Amino acid sequence: MARVLVQEACFDLAAEQARLGEGRVDVGGIAAFTGLCRADDGIAALVLEHYPGMTERALEKIAAEAESRWPLTGCTVIHRVGRILPGEPIVLVLAASRHRSAALEACAFLIDWLKTGAPFWKREEFADGGERWVEARASDDAAAARWAG
Amino acid sequence: MQILYFAWVRQKVGLGQETLELPGDVADVAGLMRHLAGRSPGHAAAFAQAKQIRAAVNQEFCAPNHPLRNGDEVAFFPPVTGG
Chain A
1 MARVLVQEAC FDLAAEQARL GEGRVDVGGI AAFTGLCRAD DGIAALVLEH YPGMTERALE
61 KIAAEAESRW PLTGCTVIHR VGRILPGEPI VLVLAASRHR SAALEACAFL IDWLKTGAPF
121 WKREEFADGG ERWVEARASD DAAAARWAG
Chain B
1 MQILYFAWVR QKVGLGQETL ELPGDVADVA GLMRHLAGRS PGHAAAFAQA KQIRAAVNQE
61 FCAPNHPLRN GDEVAFFPPV TGG
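Residue numbers (UniProt numbering), protein chains in the order written: chain A, 1 to 149; chain B, 1 to 83.
Since the hints were derived computationally from the structure, they do not count as laboratory data.
These figures come from a predicted structure and were not determined experimentally.
Just to be clear, a hint being listed does not mean it is correct.
Covered stretches of chain A, going by a simulated chain B footprint (3 or more residues, C-beta under 8 Å) [to be verified]:
1. 79-91
2. 96-104
3. 109-118
4. 121-134
A few chain A residues that don't get close to chain B, going by computed Cβ distances all over 10 Å [as the list claims (entries may be wrong)]:
5. 3
6. 19
7. 28
8. 48
Taking CB as the label site, the calculated pair distances span [claimed, not checked]:
9. B:39 to A:60: 28 to 38 Å
10. B:23 to A:32: 41 to 51 Å
11. B:27 to A:68: 33 to 43 Å
12. A:53 to B:28: 14 to 24 Å
13. A:87 to B:37: 19 to 29 Å
Cβ atoms here follow ideal geometry from the backbone N, Cα and C, with glycine treated the same way.
Take the sequences, apply the hints, and build the full model.
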């Protein structure tokens, strides 16, 4: 059963990784991806909006899909919402398995699918008070599509 | 039925959500978008960019031809940009 969280607070990578190994000795590897807020074009902050209820359902579905494709011993998806400053983490994906290939592939799958399949929207705030909604990128659709079938 | 708006769709409409009865002449998501466009200048501005708007019915992504029933929760939003 995947651990899925949508929260304003930051997350603790070491604590989340330890949780996946807690009380078991069959985990051979844990792959981790942390997405950070870049200061592209001098943005002052990113504001993450989501669809409460649907977001959790969508993430759980994506995690369940990963668990059905790879022999995972566990996986974790934590996505922050609200105001996030450049340099701060936005999203954490962990996939644990007996062997590295399953953990690494599942981790890449989770972040690729999450980017196109979960209802989050990013708004960029600038120092002068301006703002701009981030537009979806075709390259993200292509990254998700490579896992089709 | 409950209608929800997110991101720039919410900003243009000027509402996060509203409740309405499913009009008799609306059969699907695309029809609801045409109907909503007539509710206010804000709605019109949002739905003028219909091709850039995605929808979910009862919290599942769906296509414009997805059929609707009164009581459905329908959400409109731009393509997602999480991660």
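Hint check results:
1. 79-91: holds (count 3)
2. 96-104: violated (count 0)
3. 109-118: holds (count 6)
4. 121-134: This one holds; 5 residues, not fewer than the three required, reach chain B with a Cβ under 8 Å.
5. 3: Given that every Cβ of chain B is farther than 10 Å from that of residue 3 of chain A, nearest at about 17 Å, it holds.
6. 19: holds, 22 Å
7. 28: Per Cβ check, residue 28 of chain A is outside 10 Å of chain B; nearest 27 Å; holds.
8. 48: violated, 7 Å
9. B:39 to A:60: 28 to 38 Å: Given range 28 to 38 Å: holds, Cβ gap about 34 Å.
10. B:23 to A:32: 41 to 51 Å: About 49 Å separates the Cβ atoms of residue 23 of chain B and residue 32 of chain A, which means 41 to 51 Å holds.
11. B:27 to A:68: 33 to 43 Å: Cβ of residue 27 of chain B to Cβ of residue 68 of chain A: about 35 Å, so the range 33 to 43 Å holds.
12. A:53 to B:28: 14 to 24 Å: holds, 23 Å
13. A:87 to B:37: 19 to 29 Å: About 41 Å separates the Cβ atoms of residue 87 of chain A and residue 37 of chain B, which means 19 to 29 Å is violated.
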